[in-house]
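Just so you know, the sequences run in chain order A and B. Residues in the first sequence are numbered from 199 upward in steps of one, following this note's numbering. Residues in the second sequence are numbered from 199 upward in steps of one, following this note's numbering.
Bear in mind the hints are in silico, worked out from the structure with no lab data behind them. For clarity, every value in this text was computed on a predicted model and none was experimentally measured. Some hints here could point you the wrong way.
Where chains are identical, the list cannot tell them apart; a pair therefore holds if satisfied intra-copy or between any two copies.
As the list claims (entries may be wrong) - Taking lysine to any residue pairs in the SDA-like style, the calculated list, with each CA pair at most 25 Å apart, reads: (1) K739 with S594; (2) K620 with Q497; (3) K460 with P642; (4) K394 with Y423; (5) K739 with D259; (6) K460 with E696; (7) K571 with A553; (8) K620 with L452; (9) K571 with A285; (10) K282 with G351; (11) K620 with R669; (12) K599 with F271; (13) K620 with E281; (14) K280 with R453.
2 protein chains.
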Amino acid sequence: MHRIGDIAQANLENLYRIFTIPEAPDSTLGQIDQAISDNVAGFLQDHIVALEHELEEIEQDFAHSMIPEEPTFVSDYTEFLKEKLVAQSVHTASPGFVGHMTSAIPYFMLPLSRIMIALNQNLVKVETSKAFTPLERQVLAMLHRLVYDDTDGFYQRWIHDSQYALGAFCSGGTVANVTALWAARNRLCGPTDTFKGISHEGMAKSLKYLDCEGLAVLVSRRGHYSLGKAADLLGIGRENLIAVETDQHNRIDLRLLREHCKRLRGEGILPLSVIGIAGTTETGNIDPLDALADFALEQNCHFHVDAAWGGPTLFSKTHREKLRGIDRADSVTLDAHKQLYAPMGAGMVVFRDPAALSSIEHHAAYILREGSKDLGSHTLEGSRPGMAMLVHAGLSIIGRKGYELLMDQGIERAHLFADMVKAHTDFELVTEPELNIFTYRYNPAWLQQALNDSSNEQTSQINILLDQVTRAVQKRQREAGKTFVSRTRIRQERYGDEPITVFRVVLANPLTTQEILASVLEEQCAIIAQGDVSTLLEQLKILVDS
Amino acid sequence: MHRIGDIAQANLENLYRIFTIPEAPDSTLGQIDQAISDNVAGFLQDHIVALEHELEEIEQDFAHSMIPEEPTFVSDYTEFLKEKLVAQSVHTASPGFVGHMTSAIPYFMLPLSRIMIALNQNLVKVETSKAFTPLERQVLAMLHRLVYDDTDGFYQRWIHDSQYALGAFCSGGTVANVTALWAARNRLCGPTDTFKGISHEGMAKSLKYLDCEGLAVLVSRRGHYSLGKAADLLGIGRENLIAVETDQHNRIDLRLLREHCKRLRGEGILPLSVIGIAGTTETGNIDPLDALADFALEQNCHFHVDAAWGGPTLFSKTHREKLRGIDRADSVTLDAHKQLYAPMGAGMVVFRDPAALSSIEHHAAYILREGSKDLGSHTLEGSRPGMAMLVHAGLSIIGRKGYELLMDQGIERAHLFADMVKAHTDFELVTEPELNIFTYRYNPAWLQQALNDSSNEQTSQINILLDQVTRAVQKRQREAGKTFVSRTRIRQERYGDEPITVFRVVLANPLTTQEILASVLEEQCAIIAQGDVSTLLEQLKILVDS
Numbered sequence: 199m200h201r202i203g204d205i206a207q208a209n210l211e212n213l214y215r216i217f218t219i220p221e222a223p224d225s226t227l228g229q230i231d232q233a234i235s236d237n238v239a240g241f242l243q244d245h246i247v248a249l250e251h252e253l254e255e256i257e258q259d260f261a262h263s264m265i266p267e268e269p270t271f272v273s274d275y276t277e278f279l280k281e282k283l284v285a286q287s288v289h290t291a292s293p294g295f296v297g298h299m300t301s302a303i304p305y306f307m308l309p310l311s312r313i314m315i316a317l318n319q320n321l322v323k324v325e326t327s328k329a330f331t332p333l334e335r336q337v338l339a340m341l342h343r344l345v346y347d348d349t350d351g352f353y354q355r356w357i358h359d360s361q362y363a364l365g366a367f368c369s370g371g372t373v374a375n376v377t378a379l380w381a382a383r384n385r386l387c388g389p390t391d392t393f394k395g396i397s398h399e400g401m402a403k404s405l406k407y408l409d410c411e412g413l414a415v416l417v418s419r420r421g422h423y424s425l426g427k428a429a430d431l432l433g434i435g436r437e438n439l440i441a442v443e444t445d446q447h448n449r450i451d452l453r454l455l456r457e458h459c460k461r462l463r464g465e466g467i468l469p470l471s472v473i474g475i476a477g478t479t480e481t482g483n484i485d486p487l488d489a490l491a492d493f494a495l496e497q498n499c500h501f502h503v504d505a506a507w508g509g510p511t512l513f514s515k516t517h518r519e520k521l522r523g524i525d526r527a528d529s530v531t532l533d534a535h536k537q538l539y540a541p542m543g544a545g546m547v548v549f550r551d552p553a554a555l556s557s558i559e560h561h562a563a564y565i566l567r568e569g570s571k572d573l574g575s576h577t578l579e580g581s582r583p584g585m586a587m588l589v590h591a592g593l594s595i596i597g598r599k600g601y602e603l604l605m606d607q608g609i610e611r612a613h614l615f616a617d618m619v620k621a622h623t624d625f626e627l628v629t630e631p632e633l634n635i636f637t638y639r640y641n642p643a644w645l646q647q648a649l650n651d652s653s654n655e656q657t658s659q660i661n662i663l664l665d666q667v668t669r670a671v672q673k674r675q676r677e678a679g680k681t682f683v684s685r686t687r688i689r690q691e692r693y694g695d696e697p698i699t700v701f702r703v704v705l706a707n708p709l710t711t712q713e714i715l716a717s718v719l720e721e722q723c724a725i726i727a728q729g730d731v732s733t734l735l736e737q738l739k740i741l742v743d744s
Numbered sequence: 199m200h201r202i203g204d205i206a207q208a209n210l211e212n213l214y215r216i217f218t219i220p221e222a223p224d225s226t227l228g229q230i231d232q233a234i235s236d237n238v239a240g241f242l243q244d245h246i247v248a249l250e251h252e253l254e255e256i257e258q259d260f261a262h263s264m265i266p267e268e269p270t271f272v273s274d275y276t277e278f279l280k281e282k283l284v285a286q287s288v289h290t291a292s293p294g295f296v297g298h299m300t301s302a303i304p305y306f307m308l309p310l311s312r313i314m315i316a317l318n319q320n321l322v323k324v325e326t327s328k329a330f331t332p333l334e335r336q337v338l339a340m341l342h343r344l345v346y347d348d349t350d351g352f353y354q355r356w357i358h359d360s361q362y363a364l365g366a367f368c369s370g371g372t373v374a375n376v377t378a379l380w381a382a383r384n385r386l387c388g389p390t391d392t393f394k395g396i397s398h399e400g401m402a403k404s405l406k407y408l409d410c411e412g413l414a415v416l417v418s419r420r421g422h423y424s425l426g427k428a429a430d431l432l433g434i435g436r437e438n439l440i441a442v443e444t445d446q447h448n449r450i451d452l453r454l455l456r457e458h459c460k461r462l463r464g465e466g467i468l469p470l471s472v473i474g475i476a477g478t479t480e481t482g483n484i485d486p487l488d489a490l491a492d493f494a495l496e497q498n499c500h501f502h503v504d505a506a507w508g509g510p511t512l513f514s515k516t517h518r519e520k521l522r523g524i525d526r527a528d529s530v531t532l533d534a535h536k537q538l539y540a541p542m543g544a545g546m547v548v549f550r551d552p553a554a555l556s557s558i559e560h561h562a563a564y565i566l567r568e569g570s571k572d573l574g575s576h577t578l579e580g581s582r583p584g585m586a587m588l589v590h591a592g593l594s595i596i597g598r599k600g601y602e603l604l605m606d607q608g609i610e611r612a613h614l615f616a617d618m619v620k621a622h623t624d625f626e627l628v629t630e631p632e633l634n635i636f637t638y639r640y641n642p643a644w645l646q647q648a649l650n651d652s653s654n655e656q657t658s659q660i661n662i663l664l665d666q667v668t669r670a671v672q673k674r675q676r677e678a679g680k681t682f683v684s685r686t687r688i689r690q691e692r693y694g695d696e697p698i699t700v701f702r703v704v705l706a707n708p709l710t711t712q713e714i715l716a717s718v719l720e721e722q723c724a725i726i727a728q729g730d731v732s733t734l735l736e737q738l739k740i741l742v743d744s
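Using the sequences and the hints given, assemble the complete structure.
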């Protein structure tokens, strides 16, 4: 009979310690823990260095590929972490960090996250999640109701009926979009008397059975890059993800959409899904969802809305009208780690029809048994953490009115900042804010004048140089670490086919003040006055004068 | 010009509070936070109720589908959470919970998780993750080295070369397996002079180009259910996921594997990938990886190893030989939230060839720009949390030797428990432990004797009743909340084609003692002596006597 060996008893005891003895309050880790509890903003401010180090330099601290042979003291490791990782991370919660969709999270999320991690539930099945299973179903029902606003009776009927699902919780918007298109694909190519369905027989046989050459997904050119991944993954092919042109407000051009569909059908390609965007990643615009719903109905295809960013606008009585028609979508993607202010790693897709996810249902002998309440039978992912708890906390503690304030404030702030840009003679507002995102660039008055008068060729030459200015300014500003905007490239009718490089701002942090926004522009002007950026401006002057 | 409105100033101030004022130490949430810091085991013991409530009853507490209109005080919400969620969650860290792959996590993971969540980095791109990007690449290199043991030069060359990737970090083993097969599919059907590749043209055109009827994935019948999802998602079709029969040790039958491949090729179906399992989910067995590597080479197809469970066995000098051949795999799945003892939500797939993930590479204008170091260009998921930090912490603090002890102890403990089962006259060991997982069932001595002597038909009748016993015992034991084993159905040669229901134990918690294991069996015997389970035994007696 085997017995737990006597050798290495000391090592064993050390090993048990890490599973049984908490970090002492006066240990390095205990102190950091306390500092975060007491004042997370202060902790981040004190420990993240503002000035950016070169990534190549940081890589030196993460260069070993060998797993350490011997254990390391927690205190030593924590010192390393503090000096090398925390110091060189990004201050995403900073009110001056207005360039990406990752912003501050409410303080209560921190202790609640600890509870979630301490419980270490696995949402794939009831046996490892228990009350977390109904909680997650409730969160899905709440978001479903936010979008679809169905009756009390509807929700009573479906909320906890595990044979059906009002949606799927997942790690983020990408998996949500993939899940939506997966379910749509499997529904369109579902089993019949003579065909076992695409899930069983695969894509090629499915197309043969449907007697078509391919399936297509149509979305505006502002569609998120995750849709390309979905088209690739699902065997649809990126060439069948049709990027439809947009109008001057970055909204899908319905006439061109119709033409694409007609062309595709002519080529024997079946439109699988039309996708509307509620809050484009780059410009924050919203497609005409109601008209898209009409069109999808007419085309008899799935209507998906990617509301990863803009979904929570539905909390606002003032702005929810902008999403009119979203309740006619077959599926809607929402990201809780964006405008529900949950920590990173929480996405969702809700389906109008509680039977829609049945097309991707799967079972296994040891879990997800048929008839079980295991959530894993309707999700792309398997084992998953209890992130739904943090979304539940946000919805409960902040409430509809709290989120409404957050949404309204963000949009007001974007307009405020856009007005500041417009009022400044040396900046050009490139896309107007519809939600809380817009784009602009440095473009001094004299150059704007010249652009108005210039030939196509000169316009193009000016824009190439201005793109360099934008890139240089964005990089310098990021490196200085005081304020941050992101950048992207977008095509603007007035400048022809070639996209221009612009600053992109996302106003999601409620602590961003007017003073901070003013300092963003001031800092950019200061950078422009310096060294090689001012050289670019000289070149522009010569170009315009020539 | 828009201005932040004066109305609802009070509401606004409340809103700002949740982003700026930490929970007071004497608040309900502050107290729980402290209790978890001081003694997480005690907290879980005190707050999770042992006796299971009916799920239908718990659902009543999560029945509202309307998002609360008004904000809720954090203290009230925390009370609700304590009473209704924490109390009714599953004590996964309990040393008596030996039924699933979710177990205890080292104490240092808790404060480190808080740091991770406070930093709220987004690993999709450098601009929102900074040092977390090289850290994650280092973790992937370390695990790559654990599996492939390449040279210092190799790792120096590739570890931080962002045009390549040694692997992809993800939320768990399912996404890891999907990613591996996605990359393999896209490589097999890659672009040529006359074909743009499956990523671009989709599955149907790809099969036409390759002049074949379909792609197949071959794995033993013990393969994880995520592979079925992958076959569905990727457009391969579940019918082309071939479940190869196993030998009496639950290892893939190589002769049958070869026959399947021959048959498939005869049908014009191309083997895309052969998959070996290093630690089957239900029985913990390991396929003959070296022989599978030979076979995959011969068939010129991708060789993937699903080592989500068993991968960390490589830490053990004693047991790593069991995985011989894993370094010949093209890709290997590892789950950090299993035997690397990280919290839920951390998986990985590593690829031998640093160029393998290029087949799924993707870019976007605003992030993941070509040439950038953004991790998101090689992952299925988009936005992702900094979970790699917790894996990095585990590898550093526990070290190779610490993990070796954990692995060795788990396997020893499994053998110890299996011996206890064998020594007990009323239990039948169904599958022997190879790693730290095995299965058994209640089967009293007199019945074992009868089974030996019985006809096929009687054997089947006995097993149907024994299955009911196993199911009833497992459910009662779970409900009582003292100890927990899971159950599954597996086919055993000696009992014919129909699978039998068995208890499944997973010995991963280092705090599980011999006494606890003894109590698992004692509790099962006590349940069997009670009420309706004893009635089943009566029926068995009558059946045997007849």
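A quick look at each hint next to the structure:
{"no.": "1", "hint": "K739 with S594", "result": "neither (57 Å within a copy, 56 Å between copies)"}
{"no.": "2", "hint": "K620 with Q497", "result": "neither (42 Å within a copy, 64 Å between copies)"}
{"no.": "3", "hint": "K460 with P642", "result": "neither (45 Å within a copy, 70 Å between copies)"}
{"no.": "4", "hint": "K394 with Y423", "result": "between (31 Å within a copy, 19 Å between copies)"}
{"no.": "5", "hint": "K739 with D259", "result": "neither (44 Å within a copy, 68 Å between copies)"}
{"no.": "6", "hint": "K460 with E696", "result": "neither (27 Å within a copy, 53 Å between copies)"}
{"no.": "7", "hint": "K571 with A553", "result": "within (15 Å within a copy, 41 Å between copies)"}
{"no.": "8", "hint": "K620 with L452", "result": "neither (30 Å within a copy, 71 Å between copies)"}
{"no.": "9", "hint": "K571 with A285", "result": "between (44 Å within a copy, 19 Å between copies)"}
{"no.": "10", "hint": "K282 with G351", "result": "between (55 Å within a copy, 24 Å between copies)"}
{"no.": "11", "hint": "K620 with R669", "result": "within (20 Å within a copy, 70 Å between copies)"}
{"no.": "12", "hint": "K599 with F271", "result": "between (47 Å within a copy, 14 Å between copies)"}
{"no.": "13", "hint": "K620 with E281", "result": "neither (42 Å within a copy, 53 Å between copies)"}
{"no.": "14", "hint": "K280 with R453", "result": "neither (55 Å within a copy, 55 Å between copies)"}
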